[in-house]
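Quick note, the sequences are listed as chains G and P, same order.
Each residue of the first sequence is one higher than the one before, starting from 442 at the first, in our numbering.
Each residue of the second sequence is one higher than the one before, starting from 2 at the first, in our numbering.
In short, the hints are calculated from the structure, not lab data.
Backbone N, C-alpha and C fix where the C-beta goes; we use that ideal spot for every residue, glycine too.
Treat the hints loosely; a few may be bogus.
[Unchecked claim] Short, incomplete list of chain P residues facing chain G, as computed with Cβ under 8 Å:
1. Pro270
2. Leu284
3. Gly288
4. Ala299
5. Pro416
6. Pro419
7. Gln436
8. Gln447
9. Ser449
10. Arg456
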Amino acid sequence: MLVLATLTVVPGIYLALTALTPLNLANPATAWNFEDPLGNFRSMLEDPSFLHSVKVQAHLSAASVVLQLLIGLAVALLLHTSTRIRDVARSLLLIPMVLPPIVVGIVWLALFTVDISPIHRGLAWLGMPVGPLLTNPSSALWAVVLAGTWQNFPFAMLMSLAALQMVPASPLEAARIDGASAWQVFLHVRLPFIAPTLVVAGLFMLIDSVKAFPLIFIMTDGGPGNVTEVTNYYVYRQAFSFSLWGYASSIAITLVAAVFLLSYAIDRLTSRLDKTQGSLS
Amino acid sequence: MTSTDRFQLPLVGVPGEAVTNRRAILKAGAGVAGAALIGYAPAVIGQVKRFSGVTLNVACWNAKYPVLLADYLPEFTALTGAKVNYETQGLQIYNQRADLELSTKGAGFDVLNITFVFTNRWIGNGWLTPLDPYIADRNKTPEGWDFQDFLPGAVSPLRDAKGAAYGVPWVTDSGMTIATRYDFLKARGLAMPDTFDDLEKIAGLVHQKDGVDGFLTDNHWGFWYPPLLQGYGGDIFRDAPNDLMPTLNSPEAIAAAEQLSRIVSKFGPAGAAGMAYGQSQELLKSGKANMSTVTHVAGMEMAAPGSKVASTLRFAMCPRGPKGRFPGIASHGWGIPEGSRNKDAAWEFIRWATSKELLSRMVSEKQLGSVTRRSIYGSPDYRKLINVNGQDTGQLVLDTIKLSDQGHMKYRTVPVYPQVNVQLNQAIGRIVSGQMSARESMNMAQTSVLADFRRAGVKV
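From just these sequences and the hints, can you work out the full model?
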């Protein structure tokens, strides 16, 4: 308990206290100055760059979660009947998830660099040349989303696979006897069973998307301009480039609060799921 | 037994114990001669193994000199007895760690690089140790070490407003223009560009010649934009360091931003707007882009083995604008954090790492291409090393550094420049990628910088 408190609660309290000060490392007088404890939070609401970063974050999170869930579920549906090839494929598909995010960033930076990318060369060879995605303001964020999806869809795939294997055989058999097509079986039998799991997985992925720092650091540095500057990247700039630790802490604590709320939602959903499954069984 | 141990034999001998062995006398003589040869004897004689038991923590970013220096560290330990924990990191990571360490006056490091953009912040806040007492103390610094030998333009950013020195420079890098395919220019009867207008014209004329793009530079616009801005007669601040009101939306600033963005977007390869240093260097080295603005150190990489453009490389000074020539110049130097508990040993390290003798050896043994001592610039070995295709690039560097007397780099060493740097990077990025016009983007940069300043408590 003491270790847990030291590792989590104490830094958390320090972060919260710092958020109430205008701490600027270049100005020692700003440390532990609680004259205007809500000043940073007021600044946040008046800071267009911060508000922009929240919008970018929302865009990135929504797109990432939807894509990861759809691709993860689609792959899980392909893999959930076991054959030797599928077992091998299942293992191979887990590789992106275990790669360090920095490696993923470097790999995708290379894949999006027109002059050296096999993707760009292949598309050009097919007569469909594509310009640089990372420096185009319309596509830069989508390029980051794509890289993140490649890395994280295996989580959705694993969760979906586990849920699909839990679907009882009798309703599936009954549906088939009634002449339901594969699509109808999925839509009316499998999906309702796995939906709660997908919701929980989606919430986990939503929380994870808030940590989309390494890919942006490596691939775009928040650019072009600031179109890929998500909130935690903005925090990083405020703290490490400008030394405004008080302001950065106030944004960070707001993010922590948002993640806590999401965690609470997950907990409630999980409890409800448990109750539903308990009543079914 | 190392050469150091050899020359230390007579010095550490027990008093009264005669050194009778002829071989030992010869060895000792050779050792002292060796030490004298590397300019180290005076201090060593007085301080044999003076720092035994001391462990120095030294950090720098991973430029060529600090990386090469790692190979020589065992010699320092052999000479002084001090062990060295030495680390080099990427510039950005290093800056963050050093800034945090210095601002908290920690004792985690004994020697740190003073990064150019942080000079005012780190020195002005009293986070570093004044070095003049060490330089003037003949017990700690032999006369032959010669602080006056360092280029004044390299030392000046490492001094405070009163002229006190806080760092010893190990590099002064200067912005230049290069053509990786100068043969294309020669074939058209073109000389290297002297003005930014020349650069734009030439980049257009050679663009896509044999599939080679006309221009490419890395996306650190906070370094490459100010020479244009100042060339147009504008500046980053109204009068740095006294008046820090930013002037990023002046007519000159907008005109300069327009021209830079035009050159990059019209004559650069696909994705040029977002190319970081490593990416642009690789494309230039592989001959996929021709004209560039680079630092001298980066330009010399084009002449290194493995470069496809080594035989067609040409340098010129940074172009000038209608109001003059204002090349980017950056000095980095070794300093001692205020919180260090091993300051004498730290100074010994700095003195050793920047001695004429060690730097000369690094030039001849490791091809160190960028130095800060006048005596080394004058040496035939060094001039030969930085002669590229018959061109004496060393003279270009000296001419460029001399321009620092104009004081045009003052904007860069004010404590709030990091905020401006980020806003400039974003502003030019917006223009090059077509998100905004130059006027809109520079207006936005001005507003954002003012907001950042307010948040940081900077009064303008």
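Hold the hint about Ala299/P up to the distance rule: shortest CB distance to chain G must be less than 8 Å.
-> Ala299/P check fails; min Cβ-Cβ to chain G is 19 Å, beyond 8 Å.
Hint check, Pro270/P versus chain G [nearest Cβ-Cβ separation less than 8 Å] | Since chain G brings a Cβ to about 6 Å from Pro270/P, closer than 8 Å, the hint holds.
With 8 Å as the cut and Cβ atoms as the points, is Pro416/P at the interface with chain G?
-> 6 Å, holds
Hold the hint about Gly288/P up to the distance rule: shortest CB distance to chain G must be less than 8 Å.
-> 12 Å, violated
Do the numbers back the hint for Arg456/P, that is, is its least Cβ distance to chain G under 8 Å?
-> At 6 Å from the nearest chain G Cβ, Arg456/P passes the 8 Å test, so the hint holds.
With a cut-off of 8 Å on the beta carbons, see whether Gln436/P makes it to chain G.
-> Status holds, d = 5 Å.
Can we keep the Gln447/P interface hint, with Cβ of chain G closer than 8 Å?
-> It is violated, given that the least Cβ distance between Gln447/P and chain G is near 13 Å, above 8 Å.
Against chain G, run the beta carbon of Leu284/P and see if the smallest gap drops under 8 Å.
-> The hint holds - Leu284/P has a Cβ within 8 Å of chain G, the shortest such distance being about 6 Å.
Would the hint on Ser449/P stand, with a C-beta cut-off of 8 Å toward chain G?
-> 6 Å, holds
Have a go at the Pro419/P hint: is there a Cβ in chain G nearer than 8 Å to its own Cβ?
-> 5 Å, holds
When the structure is compared with the earlier hints, violations turn up for hints 3, 4 and 8 and for no others.
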